[in-house]
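Protein chains: 2
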Amino acid sequence: MSAEGAQPGTVRPGGRTARVRATVLRAVGDILAERGFAHLDLSDVARRADVGKTTVYRRWGSVTALVADLLMDMAEQSSPRARTGSLLGDLKANARLVQRTLTDPRQGPLFKAVIAAATCDARTAEALHHFYDIRIREWAPCVRQAVDRGELPEGTDAHEVIRAVSAPLYYRLLASGDPLDEAAADRAAEAAAAAAKAGAYVKDRKDEKIERDA
Amino acid sequence: MSAEGAQPGTVRPGGRTARVRATVLRAVGDILAERGFAHLDLSDVARRADVGKTTVYRRWGSVTALVADLLMDMAEQSSPRARTGSLLGDLKANARLVQRTLTDPRQGPLFKAVIAAATCDARTAEALHHFYDIRIREWAPCVRQAVDRGELPEGTDAHEVIRAVSAPLYYRLLASGDPLDEAAADRAAEAAAAAAKAGAYVKDRKDEKIERDA
Numbered sequence: 001m002s003a004e005g006a007q008p009g010t011v012r013p014g015g016r017t018a019r020v021r022a023t024v025l026r027a028v029g030d031i032l033a034e035r036g037f038a039h040l041d042l043s044d045v046a047r048r049a050d051v052g053k054t055t056v057y058r059r060w061g062s063v064t065a066l067v068a069d070l071l072m073d074m075a076e077q078s079s080p081r082a083r084t085g086s087l088l089g090d091l092k093a094n095a096r097l098v099q100r101t102l103t104d105p106r107q108g109p110l111f112k113a114v115i116a117a118a119t120c121d122a123r124t125a126e127a128l129h130h131f132y133d134i135r136i137r138e139w140a141p142c143v144r145q146a147v148d149r150g151e152l153p154e155g156t157d158a159h160e161v162i163r164a165v166s167a168p169l170y171y172r173l174l175a176s177g178d179p180l181d182e183a184a185a186d187r188a189a190e191a192a193a194a195a196a197k198a199g200a201y202v203k204d205r206k207d208e209k210i211e212r213d214a
Numbered sequence: 001m002s003a004e005g006a007q008p009g010t011v012r013p014g015g016r017t018a019r020v021r022a023t024v025l026r027a028v029g030d031i032l033a034e035r036g037f038a039h040l041d042l043s044d045v046a047r048r049a050d051v052g053k054t055t056v057y058r059r060w061g062s063v064t065a066l067v068a069d070l071l072m073d074m075a076e077q078s079s080p081r082a083r084t085g086s087l088l089g090d091l092k093a094n095a096r097l098v099q100r101t102l103t104d105p106r107q108g109p110l111f112k113a114v115i116a117a118a119t120c121d122a123r124t125a126e127a128l129h130h131f132y133d134i135r136i137r138e139w140a141p142c143v144r145q146a147v148d149r150g151e152l153p154e155g156t157d158a159h160e161v162i163r164a165v166s167a168p169l170y171y172r173l174l175a176s177g178d179p180l181d182e183a184a185a186d187r188a189a190e191a192a193a194a195a196a197k198a199g200a201y202v203k204d205r206k207d208e209k210i211e212r213d214a
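Protein sequence lines, in the order shown, are assigned to chains R and P. For the record, in the first sequence the residue sitting at position 64 is 64 according to UniProt numbering, with numbers rising by one throughout. For the record, in the second sequence the residue sitting at position 100 is 100 according to UniProt numbering, with numbers rising by one throughout.
Think of the hints as simulated: they come from the structure by calculation, not from any bench. It should be emphasised that the depicted structure is a prediction, and the values quoted were computed from it without experimental measurement.
Among chain R residues calculated to face chain P with C-beta under 7 Å, some are: (1) G36; (2) I115; (3) H129; (4) A167; (5) P168; (6) Y170; (7) Y171; (8) A175; (9) S176; (10) G177; (11) A198.
By construction, the Cβ of each residue, glycine as well, lies at the ideal position given by its N, Cα and C atoms.
Could you build all of it, start to finish, from the sequences and the hints given here?
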């Protein structure tokens, strides 16, 4: 098997295959950000990336495969979690990262395009869910360490807390259209931290306990 | 000006114009739910609604105008806010309503289609934001009454609390793909209530005036 035909990740990062992948995925991201998923076309990607059409067809073969690989690359390239020493510090860093990404002139439209595509394409939806799964797993230790430090109750669902930080920012981007600024990011982090401290994300609670706390 | 040419809302609800509007918007919703925004076409809407093409062209004139009117109708038709007597009760009712809507076999795909369209069409985005604005205003009194009852701190931003209930459910629908079940709805309500009680949604003084004036 030639390096050209190898799967991404099986060759050394500096090799020709990795360079081709980076160039192609850059072109995919550019097209998505500028024109949206509906305008993504393999020949156009090859032309923009200045890569042979055969390479793109043989290695990815479909538009959804290109988007799935782009999302995988974005998950790999995305910033590692913060280690500020406090739950609120870590969650604010996470919220600010999400806010900066969604308001970035290239990344914002790119995310909108992929999310729009995922609403009507099952394979793109799967790739998108996988992207968020990787990002949530990256940040979950912030919550588990807060439990260890005694900042949060035992049994807090770390993934739910991380989702809770992102959710209000995506809601603003995709649904309500309210400003997506640093104040919104900080408030998202503060609300998630407050709810977590109050035990709202403790797993497997009995209904009677919820009623008692209400 | 004939009744036919009048704007929606200027004629009596039971009249022919209202019936035509209801039939046309039903067809628009069906097409969006079944095939998505890209397949929405005025001639097709007229055919499905069994209404003259001229009527649809003259009264709405564009696909985005049809979607904007559908969203207005959905906001008008949507359930009134709950009055359970407790913040958690009201927020759970809101969360369950959002969850049922987003998982409904017709409404779920319809919302996905409109949200996807809004990512690349400014007028649809504006209509969507208006829809959420109406819905948030409908439910905001639940929060203000909780402040009056002493359940929440003075200065709590009612709109932020209502957004916080919906956000995790939309995040699951559009981004992470996690299950959108009643447990997720209840948790969204509990987290929003807990964060609100902890003062996470108390407004800055400068924000307060803006909202009062809005």
